[in-house]
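Trainee: Sequence:
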Amino acid sequence: MAIERHQKIVAIVMSPESAAAMPDPRQTARAQQQQREQQRLMRHQQWALELLCAPKRLQQQHVQAARQVVERWQAEHLCSHDYIERWQQWLALPVSELAQRMCGDADGWGLAMRQNSPFIAVPAVHA
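Each step along the sequence shown adds one to the number in my numbering, with nothing skipped, and position 30 is 1390.
If you are wondering where the hints come from, they were derived from the structure by calculation, not from laboratory data. Even glycine gets a Cβ: it sits at the ideal position worked out from N, Cα and C. Some hints here could point you the wrong way.
To be verified - DEER-style ranges, computed between Cβ atoms: (1) I1372 x C1413: 54 to 60 Å; (2) S1378 x H1441: 36 to 42 Å; (3) P1376 x A1435: 53 to 59 Å; (4) Q1424 x T1388: 39 to 45 Å; (5) E1445 x S1378: 48 to 54 Å.
Using the sequences and the hints given, assemble the complete structure.
Mentor: Written as structure tokens, this is what we have:
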């Protein structure tokens, strides 16, 4: 039942059972965030697999394209220096180590780095 004042609803009266059945918006938001993080991880796992399976020449091209994205971030001040510096370090690693960092915890940086990833702007690797 709704309580109105001046033709506007100001309160809703409901049974405790009805209130308990309504989803908690905070829990819903947390679940949605976890789902986004899982999707980012899965995309990075796919990119890592493509990189690892590609011929060396394509690996180098793909990593170079990611470096160019990071250089653009730096030149245009599009991203925090922390992310830029860390991606520069990661992109200097051998592909096998880069793949592990992209898909792992990376000393607590994994989630954050997948949110700001140069690989989103890089075309897929095709052998």
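Trainee: Please go over all the hints and tell whether each is borne out by the structure.
Mentor: Outcome of the hint check:
1. I1372 x C1413: 54 to 60 Å: holds, 56 Å
2. S1378 x H1441: 36 to 42 Å: Between S1378 and H1441, where Cβ atoms are some 50 Å apart, the hint is violated.
3. P1376 x A1435: 53 to 59 Å: Holds, since P1376 and A1435 (Cβ atoms, about 58 Å apart) stay within the stated range.
4. Q1424 x T1388: 39 to 45 Å: holds, 41 Å
5. E1445 x S1378: 48 to 54 Å: holds, 52 Å
Hint 2 from the list above is the single one not met by this structure.
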